[in-house]
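Novice: Taken in order, these protein sequences are the chains called A and B.
In terms of this note's numbering, the first sequence opens at residue 153 and continues consecutively.
In terms of this note's numbering, the second sequence opens at residue 8 and continues consecutively.
Note that these hints are calculated values from the structure, not bench results.
Quantities reported herein were computed from a predicted structural model and do not represent experimental measurements.
Careful: at least some of the hints might be erroneous.
[Claimed, not checked] Taking lysine-lysine and the DSSO-like style, the derived pairs with C-alpha atoms no more than 27 Å apart in a straight line are: (1) K125(B) to K189(B); (2) K73(B) to K189(B); (3) K140(B) to K212(A); (4) K212(A) to K316(A); (5) K316(A) to K140(B); (6) K189(B) to K23(B); (7) K73(B) to K218(B); (8) K295(A) to K218(B).
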Amino acid sequence: MRLETFSDGNSVLHALDPRVKLFVYLPFVILTALTGELLVTAAALVTGLLLAGTARPYGKLLLKRLAVVNFFMAFLWLTLPFSVEGETVLNLSFLKMTREGLLLSLLITLKANTIALFTIALPGTSTVIALSHAMLHLRIPEKVVTLFYFFYRYIGVTGDEYEKMGQMLKARGFRALTGVHTVRVYAYFIGMLFVRSYERSERVYNALVMRGFEGRFPMLLHFSLQPRDMVFATVMSAVAISILLL
Amino acid sequence: MNCIVTQNLCFSYPGKIEVFRNLDLSVACGEKAGVIGSNGSGKSTLFLLLAGLLAPSAGDIALWGKNMRTMDDFKAMRTKIGFLFQDPEDQLFCPTVEEDIAFALLNREVSRKEAQEKVERISDVLEIGHLAKRIPFHLSWGQKKLVALAGVLVMETELMILDEPTDGLDRKAGERIIDHLKSFDCTVLVSSHDPGFLDGICDSRYSLKNKRLDEC
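Just chain A, same shape as in the assembly (with noise of 0.2 Å):
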């Protein structure tokens, strides 16, 4: 599926233990999100890359993520440096950038790709089920859990049923054009998606309930902690603990 871009592969980050992928994750994106340090956020940074370069996964696609992530960061840039107060750097006659605002745009970027690239080299690189059964191991809510892969699974289940219709009206000859005609198709196009994907949200819940499904995420090919994953938890602490005393 879409949201599982990167669950594919060897490298060593696929092969770990997905709690402590979770075990390692959460405590880096906490630490980054709530960092005011410049230095800190560029240190997280590296070890993101560092982490995204283990995975490996696939590299054009990687960018391309960061890419949007940095889409948005882009309109931050428009503004931020001109709106917060401070030394100013730059006098545009009516706007003024000033240092602060560029420190700030510039953290919240770092950010903003440290916290992308850790998501895409840890709990990206596990299928969706694995996360949601080591969630439950790491003793999260079931109901946040079922809420999480149920939030996965509909996001799936409404992008097929778009993917599929926009095949449809491009296989009877629709083109966009401007006009009542395009607007009204496109009307059309939106009510039904809600539509189709509500009704198959509705067949994919009955078929869970006759297997049995009871707000648990079992697994055939069980976890087991690995002197590997051992090794990995250790050193991230380490790093952590090393980018908090910077």
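Since the structure of chain A is already known, use the hints to place chain B on it.
Specialist: Okay, now just chain B, sitting in the frame of chain A:
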């Protein structure tokens, strides 16, 4: 003993689109019954009602002699029912084929070792062993259908409700399914547009037409 009994079963979808009226059906334990009918005649709806996934507008459903009055009654019976949905994509759920086939077994607390053995056995029967590590969503329609079917057959339930199991499958795959279903003592209620498949498996046949179900 009868495995399924329905009396005066009526069902309408919202908007008062009546699917069937006063439908009576009786399937004995161990019987292999086929339901035929044109598209939209209500075969899938009947199956959903029998599994308690839809609530009837009126009438009674009894499974193994017990009247199914509430959804909790059905819930208790579902461990004895294997249900194949018409569209395999609705059923496939797990990241690999073998995990998907094992899903129901693991939900029912079968040990992983036993589940693995059963998965391998059913995969051999349906000749899909080579797909074990594949992602179910990337398979062809026929392969998806076989994986979904394997996920139901592996449960070895007392009642199998199969909604068009041979849709999109070649003749040989259909024959393998017939051989397997005949090899163990379960009740089967199956719908199909494939007369050869129904001839091969069914002891009795019902036709759903004009909102009524008649033995034929």
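Novice: Would the pair K295(A) and K218(B) pass a check requiring their Cα atoms to be no farther apart than 27 Å?
Specialist: violated, 41 Å
Novice: Does the structure keep K316(A) and K140(B) at a Cα separation of 27 Å or less?
Specialist: The given pair, whose Cα atoms are some 26 Å apart, holds under the 27 Å limit.
Novice: Given the hinted pair K212(A) and K316(A), is their alpha-carbon gap at most 27 Å?
Specialist: Satisfied, since the Cα-Cα distance of roughly 26 Å is no more than 27 Å.
Novice: Taking only the CA atoms, is the gap from K73(B) to K218(B) under or equal to 27 Å?
Specialist: holds, 25 Å
Novice: Assess, step by step, whether the Cα of K73(B) is no farther than 27 Å from the Cα of K189(B), and give holds or violated.
Specialist: Judged against 27 Å, a Cα distance of about 26 Å means the pair holds.
Novice: Please verify whether K125(B) and K189(B) have alpha carbons no more than 27 Å apart.
Specialist: holds, 18 Å
Novice: If you draw a straight line from the CA of K189(B) to the CA of K23(B), is it 27 Å or shorter?
Specialist: violated, 40 Å
Novice: For a C-alpha distance cap of 27 Å, please report whether K140(B) and K212(A) respect it.
Specialist: Cα-Cα ~26 Å, so holds.
Violation of the numbered hints given earlier is confined to hints 6, 8; the remaining hints are satisfied by the structure.
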